[in-house]
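Asks: Chains as they are written, first to last, in numbering that gives the first Met the number 0: chain A, 0 to 435; chain B, 0 to 435; chain C, 0 to 435; chain D, 0 to 435.
I should point out that these hints are in silico values taken from the structure, not numbers from a laboratory. Some hints here could point you the wrong way.
The list treats identical chains as one, so a pair stands whether inside a single copy or across any two.
[Unchecked claim] For lysine-lysine, the following DSS-like pairs were computed, each having C-alpha atoms within a straight-line distance of at most 30 Å: (1) Lys94 with Lys283; (2) Lys283 with Lys93; (3) Lys124 with Lys94; (4) Lys431 with Lys283.
Protein chains: 4
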Amino acid sequence: MPTISTVAPATTLLARFHAVRQATMHLIAPLSPEDLMVQSSPDASPAKWHLAHTSWFFETFILGEFVPDYKPFHPDFHWLFNSYYNSLGEMPEKKLRASFSRPPLHAILAYRTHVDAAISTFLEKAPEEEAVRRIVLGLEHEQQHQELIATDVKHALFTNPLHPAYTELIGRREPETMAPPQDWVNFAPGLTEIGITPDPAALEAFAFDNETPRHTTYIAPFQLATRPVTCAEYLAFIDDNGYRRPELWLAEGWSTMRADGWQSPLYWRRDETTTSGWSIYTLKGFQPLEALSETPACHLSFFEADAYARWAGCRLPTEFEWEYAAVQQPFNPASGNFIESANLHPTPATSRSGVQQLFGDIWEWTQSGYTGYPGYHPLPGALGEYNGKFMSSQVILRGGSCVTPASHIRPTYRNFFGPSTRWQFSGVRLAKDAAQ
Amino acid sequence: MPTISTVAPATTLLARFHAVRQATMHLIAPLSPEDLMVQSSPDASPAKWHLAHTSWFFETFILGEFVPDYKPFHPDFHWLFNSYYNSLGEMPEKKLRASFSRPPLHAILAYRTHVDAAISTFLEKAPEEEAVRRIVLGLEHEQQHQELIATDVKHALFTNPLHPAYTELIGRREPETMAPPQDWVNFAPGLTEIGITPDPAALEAFAFDNETPRHTTYIAPFQLATRPVTCAEYLAFIDDNGYRRPELWLAEGWSTMRADGWQSPLYWRRDETTTSGWSIYTLKGFQPLEALSETPACHLSFFEADAYARWAGCRLPTEFEWEYAAVQQPFNPASGNFIESANLHPTPATSRSGVQQLFGDIWEWTQSGYTGYPGYHPLPGALGEYNGKFMSSQVILRGGSCVTPASHIRPTYRNFFGPSTRWQFSGVRLAKDAAQ
Amino acid sequence: MPTISTVAPATTLLARFHAVRQATMHLIAPLSPEDLMVQSSPDASPAKWHLAHTSWFFETFILGEFVPDYKPFHPDFHWLFNSYYNSLGEMPEKKLRASFSRPPLHAILAYRTHVDAAISTFLEKAPEEEAVRRIVLGLEHEQQHQELIATDVKHALFTNPLHPAYTELIGRREPETMAPPQDWVNFAPGLTEIGITPDPAALEAFAFDNETPRHTTYIAPFQLATRPVTCAEYLAFIDDNGYRRPELWLAEGWSTMRADGWQSPLYWRRDETTTSGWSIYTLKGFQPLEALSETPACHLSFFEADAYARWAGCRLPTEFEWEYAAVQQPFNPASGNFIESANLHPTPATSRSGVQQLFGDIWEWTQSGYTGYPGYHPLPGALGEYNGKFMSSQVILRGGSCVTPASHIRPTYRNFFGPSTRWQFSGVRLAKDAAQ
Amino acid sequence: MPTISTVAPATTLLARFHAVRQATMHLIAPLSPEDLMVQSSPDASPAKWHLAHTSWFFETFILGEFVPDYKPFHPDFHWLFNSYYNSLGEMPEKKLRASFSRPPLHAILAYRTHVDAAISTFLEKAPEEEAVRRIVLGLEHEQQHQELIATDVKHALFTNPLHPAYTELIGRREPETMAPPQDWVNFAPGLTEIGITPDPAALEAFAFDNETPRHTTYIAPFQLATRPVTCAEYLAFIDDNGYRRPELWLAEGWSTMRADGWQSPLYWRRDETTTSGWSIYTLKGFQPLEALSETPACHLSFFEADAYARWAGCRLPTEFEWEYAAVQQPFNPASGNFIESANLHPTPATSRSGVQQLFGDIWEWTQSGYTGYPGYHPLPGALGEYNGKFMSSQVILRGGSCVTPASHIRPTYRNFFGPSTRWQFSGVRLAKDAAQ
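Only chain A is shown next, with the shape it has when bound in the complex (with noise of 0.2 Å):
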């Protein structure tokens, strides 16, 4: 699968830009100037737009400040490929960006280059720690919009009447293997340290400011379950007429599910050629539920978590429950389901034993709301505007997918949407509380 680089594990920060900003080009490699263009839903932005934010990143928060001397590469680019930075001044309404023919493909990968050289430039300067910093911050955004570029074009390619697949399945699939039936780990009670206090002489260590500071939490004894529901497990919920049972959902995902047709997962419909009687829509196109139905479930939004936990007699667990269940395993990006595996779907858990498939695969949706931890505080500065103001009617999620780069993720790592959000894949394991 020659689209998705590895991020090989570089040994200078010089390396790691170029890996990461590599990255992403291999992420588009399979896709036309007009597959770029395509902004299929008010969530998601098309992919020619990511590329060129996450260099105006670079622009604007390392060259603009640090390069006394930089010239921008084009004069309105300022302005134009802005996201959200209210205190940087107005910026085009985010629907907008369906309309951006113009800068064509060809001058955005110039933009890019330009910054790649600029950068380049700097960092062989021994730029201050504060540069260091922003480039690393820089480095974690392009990640986040790696990811982004993966769930926005799957979005695009399937709202095509046509359904196409980003990358062709090669071969006839393996048939899968079968996941171990769920089982539960306990953990015991007590106090806890949730989040990070970053250590400001590790520079190019990195966290978020919403995973600061690391704080004393006080964990009731749970159980949380090995694995992820997978989409076999799912099913039985819609057979079960999970969709038409109001006593299983929140009052908001019952009004929400019905105004907006909800009857399956996104990305899943009715199919009699299939042996289940459906398929399911993959970054590699429609795949048979049957060949998929040991994977975990994903593109579920909070609400149909929350819905199938309660039909399953369980919850969802607390983002503190999570972490303090992760921070026990071992953990290591390498082996888990990421963007790097290609695989760019979830895939089956394996027999090992404890509690598995917590890094990578899909989100998992917590029960949490987005808040500041206690003593929380947004960067200074338009910086400040990157996690902080989005804390309100937003679900927690943890652990990463199968389309986040490997190295963005960690333990503390807290990601978020609303909880009506399907298009990321997010999924569910499920929690409950201590046996009596």
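Dock chains B, C and D against the given chain A, drawing on the hints supplied.
Replies: Just chains B, C and D now, kept in the frame of chain A:
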């Protein structure tokens, strides 16, 4: 002020039942049958509907279940006045309540009388424990609707282009006492117990399921303001361009505020005839802001509360901090500004020391999203829909307001509304992290 | 049926004034103050508002302009009860009329009495010609609102989930007479004069400005159906999948019908308890379709009327064809099924020969858009807003309905509504090109 | 201006076919594949879709029906590129056209080539009469889409925040000639024949079904302006508060204008850097209003045209008056400002006497709603959906514009759009009743 009855401490459940039911009738005394028809926003219901629905609650959950030969008042009322209990079957859309000119008011009042008589008879026969618990729940439910009648009627009368008052101001309004300067109270860190685990033997004791179970939480050190933010203080925020500075607002708040054209709290309007340049609509009609400047600001959304706190260099408390502080105060409902005081508006803080006005005056926005406590389980059956299904996209408020019945409030009481809600008497108490 | 007064032929303008004003009061007699509050659609107004607005019209355009010392009933009513006359200043949004619980009904009735007395006094003093013309206009205006009260109240009561009747059916309904088979009448081509040029000397004669001036039009030969389409005939269209065949519909009709979920005329509903499988809501409650099968179908939009005509291989008449035919018929309002007959619903055609039921029963959709006649000029001043400003996106209806006052109708009368309007008593009379 | 080809008078249908098809290709020459993807409003389609749909029309209505062994280019295109012909089956929602990144542009161009070859081969074999008629219809259809490409691309480029030009202005713009003062031409009353009855023998003559049949109409005496209203004249309307005076507007226009925030024609914007204070966006980029002041004002809605006429003490002509006047003028398409002139914008009237600029420059709004002529019948089959089903809520425009192909226009040609449409090159020619 004869329209608001005082609920005298009732020595028996029967006496309490009649006192609460009568309080509802007192509340509508100043209103005409036409006033009781108005539904001026999707959040609100006509007061006439509240009269019927509270009776429906007793009929459905007590008389229909525990009185074998109970004869319903009207064969259609069981579905007509259902609010949101899907388990009980279909019900009219909320917006249709404005079309309920029939049954006429006198039929609704007859319905109330019918239910009152049946409950009275039932109570005389030493009902079983669960029935007693349900009657207590019915009374708490009715008190919630008393508050809603006050807030819905306020909105209805304000929506009328003539802006009539609910009751008139009597006499010349006294010059306001000055509220004492805001000060801070420090709270030490530690483990604490939050919520209530009900004592099954105390039949008439009461807590909603969402206040249970009592559970351990760790509280970091923090400071809490001695009193809520006043109108004068909030005006300083407006005058400092608070509604025009995106850096002060959550992203969702900024877009909501701009889309809805907010430039001040609900019920404030520019008025060149007053000294302050503003008038505020109250249940007693418009009053110049200067007459209310020392009263707690109210009818703020969570977004405004949060923006104000950021502007002031502070933050909102969590609901746990709030409760932690509240249980350390003497709780004397009789001394608070609740509906029985007939002020129908917040009043200024007095000069007592320590944390004041935690109970009554205004609901205080916290920064906590509404979720279930560890080990939370909804009530069984249809009553399980009472609270649990609203646990998404809502924010917790604490302490009761000037239109809450005093006997309805507890330190553990959790109210919840969406973050853009403004028609409740909701305001701000500031918090901040402990001084280093 | 005592609720509908007969407007006796009035010998004086004063007598006519009182007769018309009294007819409005008779119309609301079966309704409660609560009924008069309901506004169940954006098209409709509360009946109470109609009571006030019709008085406002006399106060604004006659008393305020021609009676020098006239003292308005209330200082706010001049803007509160303005409907859409922008020239007179700002007015409340239409949707706010549902919030007018104050002024109370008794104040509105006192307003009517006040205006009645002032007009009576004024009329005794031999007013100038223009004032007389205005009073006549005010009476025609009031008659229009009488029809609106009937249609708005019907919609309001139907919207109530209990579907109460406006008046009850008295006694067992007689078996319906059979309507005679539909036949065709031929009309020869030629130049004709359409509309009216008012005689300035005939003060009390009346036509709206949109009926003027009389002008020449050429009419091609055509055929007109002897009677309107009946419910039985319309049912055949439904049973032939009329609502599922796009080729029968205008594009805008097809998308409106699908978006709004139309499957039958307004007020029809499936009812397994009836022989026909349908019931129809009337002002006298639901009746089985079979009891109304020979009556003209009503509450059809233009789109449904047009689709039916296409299905029947015919078309709708132009308004000029309609008038050309109408002026060739004897016009005897007393013999038509107007509001005075108290049927409040269309009745079957009888077996007389020739074109029947042109006047009364149902408004007949034409295919003509609403535009000004050649040489049309609106009235000067604010009254110029009465008709002229609605000349876009509206379709002409002719002939009056079973809730139109008989004395309000003329062969030249032009009614107009948007093509998706269904809450009026509107139906279909077929036309076709002359047989070759 | 090399991008607009001149359609040379074609001596054969084959030559004409190639000329028209080639003209479409010339039109997109200045655009990139990305430009062809943009769909900037619900009215518009991506230019790429127009390229495909016009080929689909030939494939569906000629090759598929008349060429027995025709092999479609792609099995999905028959539904993918259907616009609105319900009789042919389901089709994608219009708004999805923005997601058609696949098939890629080169596949669409191959589709065009495939169809071109098949039609060429077919034409060489002396096809039957109906097939010839269909090919002519297909060419007229393609010409309509050429105009839509111009208007949709203009809107797309304007929507881009950078506002790029479609083609650049070459050289210094010449000082504008002054348009002659507007004068009036009198037309006598009388019976006239409107429309066309096609001659079945003239295979290649063409008129749309909505121009038929020719029929008699009576015309009252009227006056028609010698030329359209200019930008300078329209600016006087704006400066006289035209957009703030409700008495000038139809009610629907007033509410539309306020809801959408219109303060000038589409594509005008305030610009302090120009003498006039305004700039106007054209297909050649922004130009100061003063450079265009003598050109006919364009991109006006019917509502603005009507309000302007009322402000000027005039009215819009009926479509019959327009045609009555037009057939009395010499009609020489070659002399008009059509798309072949490559101005791509209206040009000033010259000083010739009589009625000028009836053809080309701007579509002229009439006051006539779009309905069928007496005796009108749509084409049989799916082609019956071409025109007839749009006969509601649309207003007639006449005469063609600066982006209409010259050979596409006739004096009887009826264009139609909704009254709030502004993205077409639509303007005003005044009319008034004959002087008394």
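Asks: Next, verify each hint and record whether it holds.
Replies: Each hint tested on the structure:
1. Lys94 with Lys283: both (27 Å within a copy, 25 Å between copies)
2. Lys283 with Lys93: both (28 Å within a copy, 26 Å between copies)
3. Lys124 with Lys94: neither (40 Å within a copy, 51 Å between copies)
4. Lys431 with Lys283: Neither. Shortest intra-copy (35 Å) and inter-copy (51 Å) distances fail the 30 Å Cα cut-off.
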